[in-house]
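Colleague: Start from the sequences and build out the full structure, keeping to the hints where you can.
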Amino acid sequence: MSSYDYVVVGAGSAGCVLAARLSEDPEVRVALIEAGGPDTAPEIHVPAAFSQLMKTELDWDLDSEPEPGIGDRRAYLPRGRVFGGSSSMNAMIYIRGARADYDGWAAGGADGWSYADVLPYFRRAEDNERGEDEFHGVGGPLTVSDGRSGHPLASAFVDAAVQAGYKTNDDFNGERQLGVGRYQLTQRGGMRCSAAVAYLHPALQRPNLTVLSSARAHRVVIEDGRAAGVEVERGGTVEVVRAEREVILSAGAYESPKLLMLSGIGPGAVLSAFGIGVVRDLPVGAGLQDHYMALLNFRTNTESLIAAATEENAALLQSEGRGPLTSNIGEAGGFFRSRDELDAPDVQFHAAPGLFHQEGLGAVAEHGFAFGPCVLAPTSRGAVTLRSPRPDAAPRIVHNYLTTPEDRDAIVAGIRIALEIAAQPAVSDLVTAPFDAPPSDSDADLLAWAQRAGQTLYHPTSTCAIGSVVDPELRVLGVPGLRVVDASVFPSVTRGNTNAPVIMAAEKAADLIKNPGA
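Numbers 1 to 518, taken from the working numbering, label the letters of the sequence shown in order.
Since the hints were derived computationally from the structure, they do not count as laboratory data.
Note that CB positions come from ideal geometry on N, CA and C, so glycine has one too.
A couple of the hints might just be wrong.
What the hints assert, rightly or not - Simulated crosslink set (EDC-like; lysine to aspartate or glutamate; CA at most 20 Å straight-line):
1) LYS167 / ASP340
2) LYS167 / GLU420
3) LYS514 / GLU473
4) LYS514 / GLU24
5) LYS514 / GLU27
6) LYS514 / GLU246
7) LYS514 / GLU65
8) LYS514 / GLU244
9) LYS167 / ASP343
10) LYS55 / GLU43
11) LYS55 / GLU359
12) LYS514 / ASP445
13) LYS55 / GLU65
14) LYS514 / ASP5
15) LYS514 / ASP111
16) LYS55 / ASP392
17) LYS514 / ASP117
18) LYS167 / ASP392
What the hints assert, rightly or not - What follows is a set of in silico ranges between Cβ atoms, one per label pair, in the way DEER data are often shown:
19) ARG130 / ARG337: 24 to 30 Å
20) GLY131 / ASP72: 47 to 53 Å
21) ASP111 / VAL138: 25 to 31 Å
22) GLY235 / LEU178: 47 to 53 Å
23) GLY321 / GLY467: 39 to 45 Å
Modeller: Given below as C-alpha cells:
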C-alpha cells in the first residue's frame with residue numbers, strides 16, 4: 001500500500017494540470033493514476049491524424065444509449081485513454097467560451113467563477129504567440145498559436161460567410177465572440193500541444209510526482225466518512241493508493257460520476273438498486289450537457305486534406321512546422337445568434353477542408369469539404385448512470401440531444417445559416433455536388449436531416465456540477481478530502497470548445513487546493 005499527499009485520478013487535461021501544479025512544491029507527494037499509457041503514438045502529435053486514433057486502444061470508445069431525440073441512434077463518444085486524455089485526440093481549438101457563461105455561473109451561486117474571476121487563470125495557462133494583452137497571456141505552459149495550414153477550402157468558408165453579410169473576428173477569445181474566422185489552436189511549432197505536452201512532460205522528472213499508468217481506478221475508499229484513497233487495479237493486482245490530504249477525480253464528465261457512484265456517492269435509489277451502500281445521496285450524473293453538431297458535406301474538385309499524407313508534406317511538417325499535416329481539420333468557424341434578441345451566440349460553426357461524416361468514422365475517398373452548426377447553449381439535459389457495479393463496465397449515457405423545442409429551433413436555424421453560406425460564390429463555385437446535405441430547405445427536412453446526420457462535438461459537461469454535487473471550491477458536498485476537477489463540475493456547458501475551460505478550471509483548482517479560499 002502506497003501513500004501520497006494527493007491522489008489524482010485521470011491524466012487528462014485537468015489531471016495533467018493538477019499533477020504539474022501540485023508537484024511544484026517539493027514537499028508534496030503527488031500520485032497521478034491513468035488508465036492509459038504514455039502519449040507516444042505519432043498520430044497524437046501530427047495534428048491532421050487525430051481521427052486515426054478513434055476506436056483504437058487509445059480511445060475509451062464509448063457509446064450512448066439510444067438517443068430519443070435523434071431517432072434512437074446511439075452516439076459514438078470518443079474519449080482519450082492516454083496521457084493528455086482527450087487533449088491528445090481533439091481538434092486543438094482554443095476557445096474559452098463567452099463572458100456570459102461564467103457570469104451566469106456566478107449568478108447561479110458559483111462564487112468565484114465569474115468571467116473576471118477566471119480570466120487570470122486563462123491568461124496564466126497561456127503562451128499566446130500573438131503576445132500579451134488584457135485578454136491573453138504569454139509564458140504559460142500551454143502554447144496557443146495561429147493555424148499553419150491555411151487550407152483554401154477553410155478560407156472559402158470564411159469568404160462565403162463574409163459574402164453573406166457576417167463580420168470577421170480574428171480573436172474569438174477577445175472582446176467579442178460573434179463573427180467568423182480562423183481558430184487559434186493548442187499547437188507548438190505546428191505540432192499538438194496537449195495538456196500532457198504542456199504540463200505533464202516537464203513535471204515527470206520531479207521525484208515527488210509518481211504516475212501510475214495502465215491503472216484502472218475502481219472506487220474512492222471512504223473511511224469514517226472521509227476520502228482516504230483510491231482502489232486501483234494495475235497488472236492484475238488490486239491495491240489501495242492512499243491520500244493523506246485529498247483524492248481528486250479528474251476522469252471526465254462520463255467517468256468521474258461513475259467513480260463517485262461506485263464509491264457510494266450518488267442518487268441513493270440508484271446505488272441501492274446495484275447493492276452499493278450509500279455514503280452520500282447526491283444527484284451525481286444528472287444534468288449532462290453536450291454540443292450537438294450537424295456538418296454539411298460537399299464534393300469538390302479542389303484538393304482537400306485527403307491528399308495531405310505525402311512525403312513532401314511530412315518533410316514540411318518536420319522541417320518548418322507548417323503545411324497541410326498541421327491542419328486541425330476544423331480550421332475555421334464562427335459564432336452566430338439565431339435570433340437578434342439573444343445576448344450571446346447560440347450557434348457555433350466548424351469548417352473542415354475535407355469530408356467529415358458518419359461521426360468522423362465514414363470512409364473518405366474523394367475530395368470534399370464540410371461545415372455546419374452546433375447547438376451552443378443547449379437546454380436539453382441528459383444523465384450518466386451505472387450499467388453495473390463492476391468498475392470495468394462502461395456507464396450508461398443519455399444526452400437527450402434535440403429533445404427540447406429550443407434546441408431543435410437552434411439546429412434548424414444553424415443549418416439555414418449554413419445553406420445561406422453555401423449559396424455564396426466563394427463556396428458554391430467550388431462545389432461539384434452535395435455529399436451529405438439536407439434534401440430541401442423545409443423545416444421538417446432540415447430537422448430530419450440533422451437528426452440523422454448529426455453527432456456530438458465531444459464536449460460533455462455538468463454531471464458533477466457546482467452547487468449540486470460540489471461546492472464552488474470543487475469539494476464534494478459532505479465528503480471531506482474529495483474533490484472533482486474536470487468538465488463535470490461546470491454548472492452549464494460553455495459556449496465553445498471545452499478544452500481551454502477545463503485547463504482554466506484545473507489551474508484555479510490548484511490554487512484552491514494550495515490556498516483555500518483563493
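Colleague: For the pair supplied as a hint, LYS514 and GLU65, confirm whether the alpha-carbon distance does not exceed 20 Å.
Modeller: Violated, because 40 Å separates the two Cα atoms, which is more than 20 Å.
Colleague: Starting from LYS514, check that the Cα of ASP111 is at most 20 Å away, please.
Modeller: holds, 18 Å
Colleague: Check the hint pairing LYS55 with GLU43 against an upper bound of 20 Å on the C-alpha distance.
Modeller: Holds, because 13 Å separates the two Cα atoms, which is no more than 20 Å.
Colleague: Hey, LYS167 versus ASP343, does the alpha-carbon distance stay inside 20 Å?
Modeller: holds, 17 Å
Colleague: With the threshold set at 20 Å, check whether the alpha-carbon distance from LYS167 to ASP340 stays at or below it.
Modeller: Holds, at roughly 15 Å.
Colleague: If you draw a straight line from the CA of LYS514 to the CA of ASP117, is it 20 Å or shorter?
Modeller: Distance ~17 Å between LYS514 and ASP117 Cα, so the pair holds.
Colleague: Taking the beta carbons of GLY235 and LEU178, is their distance inside 47 to 53 Å?
Modeller: holds, 52 Å
Colleague: Please verify whether LYS55 and GLU65 have alpha carbons no more than 20 Å apart.
Modeller: Holds. LYS55 to GLU65 sits at ~18 Å (cutoff 20 Å).
Colleague: Between LYS55 and GLU359, is the straight-line Cα distance small enough, at 20 Å or below?
Modeller: Measuring from Cα to Cα gives roughly 12 Å; hence the hint holds.
Colleague: Using the beta carbons of GLY321 and GLY467, state whether their distance is inside 39 to 45 Å or not.
Modeller: holds, 43 Å
Colleague: Next pair to validate is LYS514 with GLU244; report whether the Cα-Cα distance is within 20 Å.
Modeller: holds, 14 Å
Colleague: Given the hinted pair LYS514 and ASP445, is their Cα-Cα distance within 20 Å?
Modeller: violated, 54 Å
When the structure is compared with the earlier hints, violations turn up for hints 7, 12 and 18 and for no others.
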